[in-house]
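Got chain A; can you put chains B and C on it based on the hints?
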Amino acid sequence: MKYVDEFRDGALARGIAASIARQLRPGREYRLMEFCGGHTHAISRYGIADLLPPQLHLIHGPGCPVCVLPVGRIDQAIRLALEHEVILCSYGDALRVPASDGMSLLRARGRGAELRMVYSPLDALQLARARPGREVVFLALGFETTTPPTAVALRQARAEGIANFSVLCNHVLTPPAMRAILEAPGGVALDGFIGPAHVSTVIGSAPYVPFAREFGKPVVIAGFEPLDVLRAIQMLVAQIDAGRAEVENEFTRAVGLEGNRKAQALVAEVFALREAFEWRGLGTLLHSALRLRPEFAAFDAERRFAVPYRGVPDHKACECAAVLRGDRRPQDCRIFGTACTPDHPVGACMVSSEGACAAHYSYGRFRAPSRSSA
Amino acid sequence: MKIPHTRPLNLRQGKVEMAHGAGGRAMAQLVDELFARELGNAWLAPGDDGARLPPARGRLVMSTDAHVVSPLFFPGGDIGCLAVHGTINDVAVMGAAPRWLAASFVLEEGFPLAELARIVASMATAARAADVPVVTGDTKVVERGKADGVFITTTGVGVLAEGIELSGANAGAGDAVIVSGPIGDHGMAIMSVREHLAFESPIVSDTAALHGLIGALLAAVPATRVLRDPTRGGLAATLNEIAQQSRVGIVLDEAALPVRPAVAAACELLGLDPLDIACEGRVVAICPAAQAASALAALRDHALGGEAALIGEVVADERRFVQMQTRFGGRRMVDWLAGDALPRIC
Amino acid sequence: MCLAIPARVVALVDGDEAVVDLDGVRKRISLALVEEVGVGDYVILHVGFALQKLDQAEAEATLALLREIAAAEAGQGAGDDGEAAA
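Protein chains in written order, with UniProt numbering: chain A, 1 to 374; chain B, 1 to 346; chain C, 1 to 86.
Chain A extracted, bound-state conformation:
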């Protein structure tokens, strides 16, 4: 695959990794947080940590939009499906996320909920057209990458006057989550950020500049492939060693300063900021998530159906919150690999393949036989 395979080249990887190894200041530890579930997945799937010296610590941040959804939001979707007899359309990622009472969307299907896995929000809209007698609800989730497609679907629905289609909106924003990490009480033991790939395609590199300035941490936006991640790490190390804290862009083939203005405009037309939104692991953050504008009220599932949000605390033993903040490694969670595995996940970090715990369990657990602090 063009523009994919070249960025997975093992020979180039060895060269870059060797270059990084020589670059590192002896005795210095470098703690880098990657903030994109896709990067979490890539680092685990390609075994990138194996190519880097142990002084370099890669910490997984809250970049998995499924993982940061609190239990109560999945409960809401399940109630919609079970109690209101809608056809609930969802991306595959959300189907196994554990909710209250041992439920998940997949298990709800076993209890009679009608569920459809879709590839695109337009598929959900098409289903609504095909089944005019049934209510079709699309469970919209994701960071800024995934929001513009939902906006397009809603505009189409309104333009065509489709009366049986609505969206349960769980779209969240990246900068507020970064800020929450950086503003954690007591400061944060991080030296730099590997910035998200495809979110940045949409929002551009500009939004990260305040973080670099205010908190003095460099941000390097990295492409999606493992060579991109390695190169971004190299660029971060160079900044850290030089005492710089700037926003740099490794993913120049897809990310510019301003991002995708057309997509941003479409999103602004359809969505507004929620006053506050609860995040798993980060608490309630202001202006960190989106809801549908009043002009689109007819398509807002939260207004159409009585499914008020009820906050539910995480399972007592679940340490997803700490993992999402980068405070704990998956293998240090008390129930990692025992009570909590991909077969019976307790927290969302174990469900989504982007989740730090699932990624470590599926790809990396052979590497850490014992528990130790980072």
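On the chain C side, residues computed to face chain A include the following (Cβ under 8 Å):
| # | residue |
| --- | --- |
| 1 | Leu3 |
| 2 | Asp23 |
| 3 | Ser30 |
| 4 | His46 |
| 5 | Val47 |
| 6 | Gly48 |
| 7 | Leu51 |
| 8 | Gln52 |
Pairs of lysine to aspartate or glutamate, EDC-like flavour, derived with a Cα cap of 20 Å:
| # | chain 1 | residue 1 | chain 2 | residue 2 |
| --- | --- | --- | --- | --- |
| 9 | A | Lys2 | C | Asp21 |
| 10 | A | Lys262 | C | Glu35 |
| 11 | B | Lys140 | B | Asp32 |
| 12 | A | Lys2 | C | Asp55 |
| 13 | A | Lys2 | B | Asp273 |
| 14 | A | Lys316 | A | Asp101 |
| 15 | B | Lys146 | A | Glu114 |
| 16 | A | Lys262 | C | Glu36 |
I should point out that these hints are in silico values taken from the structure, not numbers from a laboratory. Even glycine gets a Cβ: it sits at the ideal position worked out from N, Cα and C.
Only chains B and C this time, still in chain A's reference frame:
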């Protein structure tokens, strides 16, 4: 067996009805005009409740499998030939020569007879090509909504020659791990026609009867330790099963894994891993390292094994992990999935 | 963030859509989020939408840089502790 009927079945526009499973004249007509017509052979002709099998020289192996694939028709095959191939392969990976098949059908009321005829014809073609007849069968009908069109269960019996003791528990450190061809074709062929995920591609299911291929392999390498066909759960599940049974580890070489470019691309598109995707015409073989070259030669010499590849080796590992040396130079685990491989957006 | 893959546009379709090709796999996708995309262009594809046109010149430039770094590293060979690559 011929029973006089007033009107022949309307195979073009007729539908399955509850009466077709009730054991009366309607069912006899369905068996006669549809099943026996397509599958017709000396075993089914008498119309008895069972088939009398001749004595066999050697131990008998039996295997059974239910087939519930949806959609029923997919690029490269359908539920009919899949049901025949699948059970033939389950018997063959035990090292036995498959000899006889039984087929039972659960039909959904309202299912079009034309599609049923197509499926049964496909089974017949597959059985004839493999030289493994369907010798007995059964039909039931359930109410609309209780079955996905049709479910087919096939049971196969084969004969095992002396001295063959294949088992998933036989793998030992140092053994070679071989796969007979590219992985993921079947599962991605199914994905390509699934509602809401559909895409166009040249991918076709690899469904095939492997007893000839396996026979050739065992003739060349009688010391083969393990044979298994990586169906549901893909190569990842199969290798993990073997690692558990044999109490060993396995290390794969990603660069050596055969995957068709279109399958790799479709997996990228949907966020799937080819290692987790079902095959229906491939076999995994584990044999002593010294015999790997002979095994590969025997497989590659056969029409169904042209792209056979040495993909890894068995290692000592108390934790029984399956690991992979990635093309990128790092290492990662190859775990087996909790449930189905689900396409992802993230 | 999130799974997206570069794919080549092989046909434009009425109503803001296109057909893309990825090693023989073809999918119909929406161009509603991008502008001035033509046949032969590469787009970043996410949940059935083109998110951005891929800048092929930049892609080649990035690859060239990566190759340079790796080559310089090979040139460093054994032993000497030269400066880190810029």
